[in-house]
Amino acid sequence: MLDVKDLESGYGPMQVLWKPSLTVKKGNITSLLGPNGVGKSTLLETVFGSVPPWGGQVLYNGVDVTRVPTHKKVDMGLALVPEGKHLFPSMTVYENLAMGAYPKKAMPHREKNMQLVYALFPRLKERSEQAAGSLSGGEQQMVTISRALMTQPQLIMLDEPSQGLAPLLVREVFETIVKMKTDIGLTVLLIEQNADASLNSADYVYIMHEGTIKAEGTPEEIKGSSEIREAYLGI
Amino acid sequence: MFFELLAGNLIQGVFLGAVYGMATMGLSLIFGVLKVVNVGHGAFIMVGAFITLALFDGLGISPILAIPAAFGVGLALGLFFYYTVIQRLIKAPELATLLATFSIGILLEEVIKLVFGSEFRGYNWVVGKIDLGITVVPMSKLYAGVGSVVIAVLLYLWFNRTRAGSAMRSVVEDSEGARVCGVNVGAAYAWSFALGIGLTVASGVLLTMFIPVGINPYMGGGYTLKAFVIAVLGGLASPYGAFFGGLVFGLIENGSYTLFALLPGVEPFALTRFLSFMILLVILLIRPTGLLRGK
Ligand SMILES: Nc1ncnc2c1ncn2[C@@H]1O[C@H](COP(=O)(O)OP(=O)(O)O)[C@@H](O)[C@H]1O
Ligand SMILES: [Mg+2]
Numbered sequence: 001m002l003d004v005k006d007l008e009s010g011y012g013p014m015q016v017l018w019k020p021s022l023t024v025k026k027g028n029i030t031s032l033l034g035p036n037g038v039g040k041s042t043l044l045e046t047v048f049g050s051v052p053p054w055g056g057q058v059l060y061n062g063v064d065v066t067r068v069p070t071h072k073k074v075d076m077g078l079a080l081v082p083e084g085k086h087l088f089p090s091m092t093v094y095e096n097l098a099m100g101a102y103p104k105k106a107m108p109h110r111e112k113n114m115q116l117v118y119a120l121f122p123r124l125k126e127r128s129e130q131a132a133g134s135l136s137g138g139e140q141q142m143v144t145i146s147r148a149l150m151t152q153p154q155l156i157m158l159d160e161p162s163q164g165l166a167p168l169l170v171r172e173v174f175e176t177i178v179k180m181k182t183d184i185g186l187t188v189l190l191i192e193q194n195a196d197a198s199l200n201s202a203d204y205v206y207i208m209h210e211g212t213i214k215a216e217g218t219p220e221e222i223k224g225s226s227e228i229r230e231a232y233l234g235i
Numbered sequence: 236m237f238f239e240l241l242a243g244n245l246i247q248g249v250f251l252g253a254v255y256g257m258a259t260m261g262l263s264l265i266f267g268v269l270k271v272v273n274v275g276h277g278a279f280i281m282v283g284a285f286i287t288l289a290l291f292d293g294l295g296i297s298p299i300l301a302i303p304a305a306f307g308v309g310l311a312l313g314l315f316f317y318y319t320v321i322q323r324l325i326k327a328p329e330l331a332t333l334l335a336t337f338s339i340g341i342l343l344e345e346v347i348k349l350v351f352g353s354e355f356r357g358y359n360w361v362v363g364k365i366d367l368g369i370t371v372v373p374m375s376k377l378y379a380g381v382g383s384v385v386i387a388v389l390l391y392l393w394f395n396r397t398r399a400g401s402a403m404r405s406v407v408e409d410s411e412g413a414r415v416c417g418v419n420v421g422a423a424y425a426w427s428f429a430l431g432i433g434l435t436v437a438s439g440v441l442l443t444m445f446i447p448v449g450i451n452p453y454m455g456g457g458y459t460l461k462a463f464v465i466a467v468l469g470g471l472a473s474p475y476g477a478f479f480g481g482l483v484f485g486l487i488e489n490g491s492y493t494l495f496a497l498l499p500g501v502e503p504f505a506l507t508r509f510l511s512f513m514i515l516l517v518i519l520l521i522r523p524t525g526l527l528r529g530k
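If you read the protein sequences in the order shown, they are chains A and B.
Per our numbering: the first sequence = residues 1 to 235.
Per our numbering: the second sequence = residues 236 to 530.
These are computed hints drawn from the structure, not numbers from a lab.
Errors might be hidden in some of the hints.
[Stated by the list, open to error] If you anchor each label on the Cβ, the simulated ranges turn out as follows:
1. A:P52 x B:L342: 53 to 59 Å
2. B:V320 x A:G224: 30 to 36 Å
3. B:L300 x A:P52: 41 to 47 Å
4. B:A422 x A:V178: 48 to 54 Å
5. B:E329 x A:P52: 37 to 43 Å
6. B:E329 x A:G224: 41 to 47 Å
7. B:N395 x A:L59: 55 to 61 Å
8. B:L392 x A:N61: 53 to 59 Å
9. B:F315 x A:P167: 51 to 57 Å
10. B:K270 x A:V178: 55 to 61 Å
11. B:L519 x A:D196: 26 to 32 Å
12. B:A422 x A:E111: 23 to 29 Å
13. A:S90 x B:T319: 29 to 35 Å
14. B:L516 x A:Y94: 39 to 45 Å
Note that CB positions come from ideal geometry on N, CA and C, so glycine has one too.
For reference, chain B alone in the conformation it holds in the complex (with noise of 0.2 Å):
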């Protein structure tokens, strides 16, 4: 009983972590080329999270098509944000891209909100469960586990295998060095904000497979907040130590979910999130730098 327990919590742990860690390689990666903090993050993942759905109720449409969907839309705000407000502030003092990520957040949840109203929704997606052996896992969650770590991986082969991968990694490490070599740096800026915008509003996409309700247009801020302990986990600049920092999460989060609601008289859920974020401050403590030292 205790193993099955044990072995289903690290199961889940583990899909829930990898869709944590997908939800937050946008935010590295944008910080990682601008040095752009995007305090926005979580109104983006909204963003995701209604666009799911909308093509849900209104169109019938599953949630996976939905993935690159969201991603398209994410894309074209990316530019559109980009173009409208980051470029100017690049060489600005960081309190201001703080602020104008922070507008563009509130911006993005008052539209929302215009359209969609404000109250809690959920929406309801068949698609049964499956029989791993050791523990029962609702599909939705295996689905969105798996697509997680299927567009981390094929982040990471765009970022090694093509050209635009190598001028983004370039700009990354040296953006004059990559001037030199014939980057055009500009545009280089210009779609790593819109990529890392598009893999966000991607994973709003995942988040709601995985947890299906709560979805209003003021969702985001909690998982700006988880976003910004995950990154700096993995390693505030690396899109690929902020999965790892997501796995570790996702592990901490429903692990201590599971043993909290074993305990008679404790609301787990307020418990959880007390018990995650002490465990992460002391593992800054002990490694200020991320767990993954940001490589």
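Only chain A is shown next, with the shape it has when bound in the complex (with noise of 0.2 Å):
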């Protein structure tokens, strides 16, 4: 559903990506695993535009997106969850979905998915007169995810969505996005540095260093091979 193709891209003058490439298979979780600072972030959002590429191809569908507009990429179905929530702290949960609904092709669909949202968490349901900057930060990640959800989308992009949460919050996060895939029916590539958690809910895993992929393959095949998870997963 999404191929990267020796992507490149940095800020200023500094390259950040060098020529990572990778596949996300429709229907898959897909999880991108690697430590601090190795350029994750930077790849999800050059993929989704908001970092300009400098050079290499991404494919949506088969069809070539590299230079396509953030805001059309949205309403081709690509979603992303970028790091740093980027709420609207002083528009109320509710308000912060219906942007979700801001594509044209969301909004017919603005309640059906309000009601799927708010049945994968409840607790939004309660918050949603609320202003989403007085949340506490586990609700933020929640309504990030919904308002992303709210866009329609074919494949969810997620960086690093149990990100200071607590353990039992980081439990209800990816058992959601088990959901989307199972439930929804959505495609998933998921941002973690969190290796044992998306080990175990991916279906297949690459792993960044450096700013290009060092290793890839199935979960299980991660978890057998001692020197991929010496060399750059530390457990």
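Take the two lone chains, each set in its own frame, and fit them into one complex as the hints suggest.
Now the structure itself:
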């Protein structure tokens, strides 16, 4: 569904991505693992288009979208849950979710999708009239994920959704990600530093280091290879 | 006698304040969305004043019809300057946008001077007066005040009830969040700037309806200054805060002018300016975030 080929990008003169390539299969949870600062977020932002690509290719359903602007990618069913939440703090939870239905193709499904995310995160329904900025970190993360689901995506890319959450909430987030695949039929590209949890929920894993992909395999293969674990995951 | 003076003053002050508020909304909107301080603000007000003058003196068109005309010209100017200048500077240090908007202001002043000359002008729109019971107000001032309130309400409805308005609000709150919701953030920036300039040029019409004299290419400077004070009063990033800041400012300015005029041997115009800014300074010392806390 998503093919990244030899992608290059960076900030100012500094190159961060050194031609990583990866493939996300339809209906799978694909996880991208790696320690802090190796370029995982930059990869997602470049695929999405908020960081401009320098070279390489991004194919979405076989179509070259490397230089398609971000709002058109959202229309095509690509959603991003960015690092650092980026909610609309003074709007209510409901208004944040309603903003997720901004794409024209998502508008007609707004109420249906609203029910769907309230079913995933019942707590958001209780909080629907509260300002998003007043929520706890975990609740804000739920809103960010829900807002992305409101855009009616086919492929959802999540940037460290469990970052900074208490262990119980981390489990809830990973359960939700699995539900996105099994119950909603979404394809997922998941960035994580939390190797254990992602190895347990992913169908396929890429390991990133120094701006490129250093290893890949099924979770079993990664778990089975002590070389990979020691060299890149520290477990 | 004193009560009538007070009532008349409050009413005229409210009208003037509404016009001031409307004349500051564009500045706040542009700052709120783009974090760009438009130092050329007053020059765009001046352009609106000349549009009114040209339409009225040249073609006999009523200033009321000059409002939409000025708004349209402002939108076009805003888009033009956004794509030629501002867009390249959004990520640049603040000084770059300050210099750029300052230069745009000078450019507008000199172009208008080239076309219209630099003498002071006015126009004479005869629409009569209205007796409000407690006081008599020129109709032109009533139109200016009511027109400003109508425009502010329309802007509010547009922001809160339309899809484009919601996109702009989301960009103000978090541009990256807006992007992942599928908002075309670049276009939202361009149209916010255009809308801000459109409102500002239109406010030039309303200001001349209130004060139909003293129209000249360099009249904008004083309005830039007032708009900054008003914007800070109401919280720099909020157009509605600006509107209420304008109301407060208009009341103070109008009230103190009348009071000083009663004192023998005092030149009320200069002293009014002094007093308005003194009061505002004091308010800002007590509440540096603005009276309305920038909500
Ligand atoms: N907005 C930015 N401007 C400049 N450098 C950045 C920016 N974002 C990330 N970087 C740098 O790019 C490198 C990769 O960062 P990032 O993609 O966030 O890594 P990860 O998500 O794997 O932790 C780091 O060296 C980081 O300092
Ligand atoms: Mg990151």
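So, going through the hints one by one against the coordinates:
Between P52 of chain A and L342 of chain B the beta carbons are some 31 Å apart, a value that contradicts the proposed interval 53 to 59 Å. Checked against the hint of 30 to 36 Å, the pair V320 of chain B and G224 of chain A fails, with Cβ atoms roughly 59 Å apart. L300 of chain B and P52 of chain A have their C-beta atoms about 45 Å apart, which keeps the hinted 41 to 47 Å range intact. For A422 of chain B and V178 of chain A, the hinted distance range of 48 to 54 Å is not satisfied, since their beta carbons lie about 37 Å from each other.
Take E329 of chain B and P52 of chain A: their Cβ atoms lie about 24 Å apart, and the range 37 to 43 Å is violated. Roughly 55 Å separates the CB atoms of E329 of chain B and G224 of chain A, a value that falls outside the hinted 41 to 47 Å. Taken as a hint, the range 55 to 61 Å is violated for the pair N395 of chain B and L59 of chain A, whose Cβ atoms sit roughly 40 Å apart. In this structure, L392 of chain B and N61 of chain A break the distance hint of 53 to 59 Å, their C-beta atoms being roughly 40 Å apart.
Checked against the hint of 51 to 57 Å, the pair F315 of chain B and P167 of chain A passes, with Cβ atoms roughly 55 Å apart. The beta-carbon spacing between K270 of chain B and V178 of chain A, approximately 41 Å, falls outside the hinted interval of 55 to 61 Å. Judged by the Cβ atoms, the range 26 to 32 Å given for L519 of chain B and D196 of chain A is violated: they are separated by roughly 54 Å. One distance hint, 23 to 29 Å for the beta-carbon pair A422 of chain B and E111 of chain A, holds here, with the actual separation near 27 Å.
Between S90 of chain A and T319 of chain B the CB atoms are about 33 Å apart, so this pair conforms to the stated range of 29 to 35 Å. L516 of chain B and Y94 of chain A have their C-beta atoms about 41 Å apart, which keeps the hinted 39 to 45 Å range intact.
In the structure shown, a violation is registered for the earlier hints numbered 1, 2, 4, 5, 6, 7, 8, 10 and 11, in ascending order.
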